[in-house]
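Protein chains: 2
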Amino acid sequence: MLIVGELINASRKQIREAIEAEDFDAIAGLAAAQREAGADYIDVNAGVFVDREPELLVRLVETVQQACDAPCCLDSPNPAAIEAALKVHKGPPPMINSISLEKNRYDVLLPLAAGSDVKVIALCMSDEGMPETADQRLAIADRLVDGLLQNNVDLDNIHVDPLVQPVATNSAYGEEFLAAVQRIMAGRPGVHTMCGLSNVSFGLPARKFLNQSFLLMAAARGLDGAIINPLDKRMMANVAAAGALSGSDSFCMEFLKAYRAGKLPE
Amino acid sequence: MLIVGELINASRKQIREAIEAEDFDAIAGLAAAQREAGADYIDVNAGVFVDREPELLVRLVETVQQACDAPCCLDSPNPAAIEAALKVHKGPPPMINSISLEKNRYDVLLPLAAGSDVKVIALCMSDEGMPETADQRLAIADRLVDGLLQNNVDLDNIHVDPLVQPVATNSAYGEEFLAAVQRIMAGRPGVHTMCGLSNVSFGLPARKFLNQSFLLMAAARGLDGAIINPLDKRMMANVAAAGALSGSDSFCMEFLKAYRAGKLPE
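Chains as they are written, first to last, in the working numbering: chain S, 149 to 414; chain D, 149 to 414.
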């Protein structure tokens, strides 16, 4: 499973304060720690600093790239910030988080991704709002994937995020998401899926436990990427278990490695 | 999810020794504890006492029924033992664990279940051996379900066990099982699925953790019953999480009840 480390997000108090204090060493440390814990990409988000977002997203990319060898996941609703960050990003191509069918995002981000090797998270959201059913997610996903393919983005670089919604709002939201994952993966062999998990537990107690549980359930439906906290040991152990139990981890090699490294619960 | 408590099984040393010492109070205590922890049925198995199995299975049923109000799951490869246990079982109908396509089992157990209200675990096993693929499981399940329906067993009383096989033997075994669960549930709306989990982790470390993880993955594919240790708190918490996240637990009522009772991890 492709792991995007989610911790360098200025909506988190620790990160916002570090940025305000220009304490980029703290952020570098968090990048290195997430990489060490198994993150394949390091998410960077400076969205709360609306007026300075492009400049700060660039600064976060530079900080992460000095601290570790993982590429960044450029996380912004602001195409100008993503464009600025793409310009300074070095080494293996970064990931864009995210393009959607919202016209003001789609029209600006599509040309940035077109014909390039960047990975793109294709979020199932449109100007009609958030999808509720699997059918609605599929309809948006199809249009996003078609648009990206027509603009010479490889299918292998497309990671559809079907958009997790809280089960406390509607008991069916979990299954509608899970069904969408399975149908997207089956309908486009070679495409990927990806999501943040934490919305699923919004409004409920024991949220960390619910998010950890939902990762296993989504993996069972084919989810092959997640934006998570890689310092959450149980979550990373669940990633290892999902690989062994779904068969994506051949001969359980990664699972056994995690066991030998003391990373699994008893 | 329908929970069958698995602990009263004479293949476990504690139970074998209690039976040998005629310490049925210990067994009664274990029945009550499993019921208290949420078991819907209490599995009873005296299979290691080959020569005395019918007599001892009867004794286990009587012991469990004096200790708690849950019906028994009569677990034996020996039709004579199941027949004897059925005769003494009182109150809500018990569960038979299990009928299969193996001729010597099928021919004797089918008449016992025919036209009755007992619940039947239909194990995907035949005289050709254990199935490896989802297709093989489906073929056996279809014949078992058809045979039970033709003998006036309600679809709602049929719990197909697609047979868990160890991923350490073949990385694909987990997914073949999971795919079978989904296809069986989709192909026969109203039928149930059920399984023991522990075989999946055979030959690997961190088995308890793997079994707990596999429960969530199987629930995500539609599994609605499991033969587990209800005293394993994490396992039972996972059952609660699976209900909330899959939508089978309307308004997350059971999940919230488990939370308020202090049964969930942080």
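Where hints are given, some of them may not hold.
No copy labels: a pair is met if it fits in one copy or bridges any two.
As the list claims (entries may be wrong) - Below 30 Å or equal to it, Euclidean Cα-Cα: the simulated DSSO-like pairs (lysine-lysine) are:
{"id": "1", "residue 1": "Lys-405", "residue 2": "Lys-235"}
{"id": "2", "residue 1": "Lys-251", "residue 2": "Lys-411"}
{"id": "3", "residue 1": "Lys-251", "residue 2": "Lys-405"}
{"id": "4", "residue 1": "Lys-356", "residue 2": "Lys-381"}
{"id": "5", "residue 1": "Lys-251", "residue 2": "Lys-235"}
{"id": "6", "residue 1": "Lys-235", "residue 2": "Lys-381"}
{"id": "7", "residue 1": "Lys-251", "residue 2": "Lys-356"}
{"id": "8", "residue 1": "Lys-356", "residue 2": "Lys-161"}
{"id": "9", "residue 1": "Lys-411", "residue 2": "Lys-235"}
{"id": "10", "residue 1": "Lys-356", "residue 2": "Lys-235"}
{"id": "11", "residue 1": "Lys-411", "residue 2": "Lys-356"}
Simulated from the structure, these hints should not be mistaken for lab results.
We went through each hint and held it up to the structure:
{"no.": "1", "hint": "Lys-405 <-> Lys-235", "result": "neither (37 Å within a copy, 52 Å between copies)"}
{"no.": "2", "hint": "Lys-251 <-> Lys-411", "result": "neither (43 Å within a copy, 46 Å between copies)"}
{"no.": "3", "hint": "Lys-251 <-> Lys-405", "result": "neither (45 Å within a copy, 44 Å between copies)"}
{"no.": "4", "hint": "Lys-356 <-> Lys-381", "result": "both (11 Å within a copy, 16 Å between copies)"}
{"no.": "5", "hint": "Lys-251 <-> Lys-235", "result": "within (23 Å within a copy, 70 Å between copies)"}
{"no.": "6", "hint": "Lys-235 <-> Lys-381", "result": "neither (34 Å within a copy, 51 Å between copies)"}
{"no.": "7", "hint": "Lys-251 <-> Lys-356", "result": "neither (34 Å within a copy, 48 Å between copies)"}
{"no.": "8", "hint": "Lys-356 <-> Lys-161", "result": "within (18 Å within a copy, 37 Å between copies)"}
{"no.": "9", "hint": "Lys-411 <-> Lys-235", "result": "neither (37 Å within a copy, 50 Å between copies)"}
{"no.": "10", "hint": "Lys-356 <-> Lys-235", "result": "neither (36 Å within a copy, 48 Å between copies)"}
{"no.": "11", "hint": "Lys-411 <-> Lys-356", "result": "both (18 Å within a copy, 14 Å between copies)"}
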